[in-house]
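Residue numbers (the numbering used here), protein chains in the order written: chain A, 97 to 262; chain B, 97 to 262; chain C, 55 to 141; chain D, 55 to 141.
A portion of the hints provided could be inaccurate.
[Stated by the list, open to error] List of simulated lysine to aspartate or glutamate pairs, DMTMM-like, C-alpha gap at most 25 Å:
{"no.": "1", "chain 1": "B", "residue 1": "K226", "chain 2": "B", "residue 2": "E109"}
{"no.": "2", "chain 1": "B", "residue 1": "K226", "chain 2": "C", "residue 2": "D71"}
{"no.": "3", "chain 1": "A", "residue 1": "K226", "chain 2": "D", "residue 2": "D71"}
{"no.": "4", "chain 1": "B", "residue 1": "K159", "chain 2": "C", "residue 2": "E117"}
Hints in this document: simulated from the structure, not taken from any laboratory.
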Amino acid sequence: MSEYGEVFCCIAEGPLDPEAIFQFTQQMQHGAQNYFFGAVREVNLGKTVMAVSYDAYAPLGEKILREIAREAQDHWGKDLRIYVQHRVGQLAVGEVSVGIGVSSLHRDESYMASRFIIEQIKIRAPIWKKEHYEDGETEWLKGHALCQHRHKEKTQEIKHSCAAHL
Amino acid sequence: MSEYGEVFCCIAEGPLDPEAIFQFTQQMQHGAQNYFFGAVREVNLGKTVMAVSYDAYAPLGEKILREIAREAQDHWGKDLRIYVQHRVGQLAVGEVSVGIGVSSLHRDESYMASRFIIEQIKIRAPIWKKEHYEDGETEWLKGHALCQHRHKEKTQEIKHSCAAHL
Amino acid sequence: MTRVRLFGAFRKYVGNDTHIVIDHSSEITVGEVKQLIGQALRKRNPQFEDDQLVLDSAIANDESIYSSHDLVVPGGEIAILPPVCGG
Amino acid sequence: MTRVRLFGAFRKYVGNDTHIVIDHSSEITVGEVKQLIGQALRKRNPQFEDDQLVLDSAIANDESIYSSHDLVVPGGEIAILPPVCGG
Numbered sequence: 097m098s099e100y101g102e103v104f105c106c107i108a109e110g111p112l113d114p115e116a117i118f119q120f121t122q123q124m125q126h127g128a129q130n131y132f133f134g135a136v137r138e139v140n141l142g143k144t145v146m147a148v149s150y151d152a153y154a155p156l157g158e159k160i161l162r163e164i165a166r167e168a169q170d171h172w173g174k175d176l177r178i179y180v181q182h183r184v185g186q187l188a189v190g191e192v193s194v195g196i197g198v199s200s201l202h203r204d205e206s207y208m209a210s211r212f213i214i215e216q217i218k219i220r221a222p223i224w225k226k227e228h229y230e231d232g233e234t235e236w237l238k239g240h241a242l243c244q245h246r247h248k249e250k251t252q253e254i255k256h257s258c259a260a261h262l
Numbered sequence: 097m098s099e100y101g102e103v104f105c106c107i108a109e110g111p112l113d114p115e116a117i118f119q120f121t122q123q124m125q126h127g128a129q130n131y132f133f134g135a136v137r138e139v140n141l142g143k144t145v146m147a148v149s150y151d152a153y154a155p156l157g158e159k160i161l162r163e164i165a166r167e168a169q170d171h172w173g174k175d176l177r178i179y180v181q182h183r184v185g186q187l188a189v190g191e192v193s194v195g196i197g198v199s200s201l202h203r204d205e206s207y208m209a210s211r212f213i214i215e216q217i218k219i220r221a222p223i224w225k226k227e228h229y230e231d232g233e234t235e236w237l238k239g240h241a242l243c244q245h246r247h248k249e250k251t252q253e254i255k256h257s258c259a260a261h262l
Numbered sequence: 055m056t057r058v059r060l061f062g063a064f065r066k067y068v069g070n071d072t073h074i075v076i077d078h079s080s081e082i083t084v085g086e087v088k089q090l091i092g093q094a095l096r097k098r099n100p101q102f103e104d105d106q107l108v109l110d111s112a113i114a115n116d117e118s119i120y121s122s123h124d125l126v127v128p129g130g131e132i133a134i135l136p137p138v139c140g141g
Numbered sequence: 055m056t057r058v059r060l061f062g063a064f065r066k067y068v069g070n071d072t073h074i075v076i077d078h079s080s081e082i083t084v085g086e087v088k089q090l091i092g093q094a095l096r097k098r099n100p101q102f103e104d105d106q107l108v109l110d111s112a113i114a115n116d117e118s119i120y121s122s123h124d125l126v127v128p129g130g131e132i133a134i135l136p137p138v139c140g141g
């Protein structure tokens, strides 16, 4: 196939709707769909978490999500159909913060591309989280410094120079 | 956690309900959920497929699915919650034939266990498919010979001796 | 006598039937079972020639797959499982 | 003058504000921008001491992340992005 499959990337407050993600992602010609959902965990680094507040730079973030999706297509198949959604705002324990849907011709690409996307989100998407603990304390979590090397049209290079976790 | 997470395995005619799979799989304490859906592809080995008929030995098949799920728990975390469903009967192109849901504490286990389960299904589950082509012909597809070595309580050994694709 | 349930590619040799019957009065090995199944299939449908499919198949019951050292006692029901291709 | 949007851990130093302002009248490097941001944060909130966080952060606009060789022209809006931890 010579045309890129459709990509939907969104950073927003509203909850994720699995049904909508399934509807967007599935494609007649494809034999495989993989979905990943990340949710707020009750315990992180030994502390009991009550909620997590997500902060995001949405315009740049959505652009970076689209870049990541495009890299996945260039690597695992242009025809991949990809849905990526990340929430912002305060989420309770158990709530889904990130959802990824990938449909592809065969199963390998759907797993690989989905995994690639979540790993890249964690190191490249301008999103931050503040944990709210049971004792009332809050803490902005440490994270991955963003890559500040010039990388237009140099995807492969960046992947090595910035140690993206491929 | 010392107790095994809940496992649901089913081989049946009815269509898969993503919402039901999602409801079963998600778990409050877990930070990750992975879902895989395999669907009937329009083209296989260069031939245009109109439909696929799945035949299965359901009682043994469900038992083997439960064994596979248990192996995934023993390998990636007892607490994994696992849903596996495979359809039988005639499915049109695009219809989902197999669905897998895995929820786990962290994302790595959910991807790895899900992938393990689908790979094992393909080589161990007593399920067969007959493709229906546009010219009216049908063909039972070649497959993987089932392992006939004794393997009670010898999961590790079997994985090597029977070349399960881990 | 043992009833043998057929799956997958074996179905095409027996019309709408789901089983064939093999005749034996004592315990026999999985290898002998397969030989009897091949003979019974040929008897049921002279077009059956795929002895390799029988050799590549496993013998099982609802609970487990027989290992090549297991014996099959007469009077029960077993299944012959060709190479699988689910998913 | 450039408005600087703050995210993540920087927010805790500025109450309900979302931006600080840095004062410059000509193009400056990303390194100089970061120095000015550190000064502006300390002026805004004397408790700010996390110069390492500023050094570890990236400078960006809605479209892209500045490389360390880029220059920032006055009069616009940029953002300072601490190390990220989405997902």
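These are the hints, each one checked on the structure:
no. : hint            : verdict
1   : B:K226 / B:E109 : holds (15 Å)
2   : B:K226 / C:D71  : holds (17 Å)
3   : A:K226 / D:D71  : holds (17 Å)
4   : B:K159 / C:E117 : holds (7 Å)
When each numbered hint is compared with the structure, no violation occurs for any of them.
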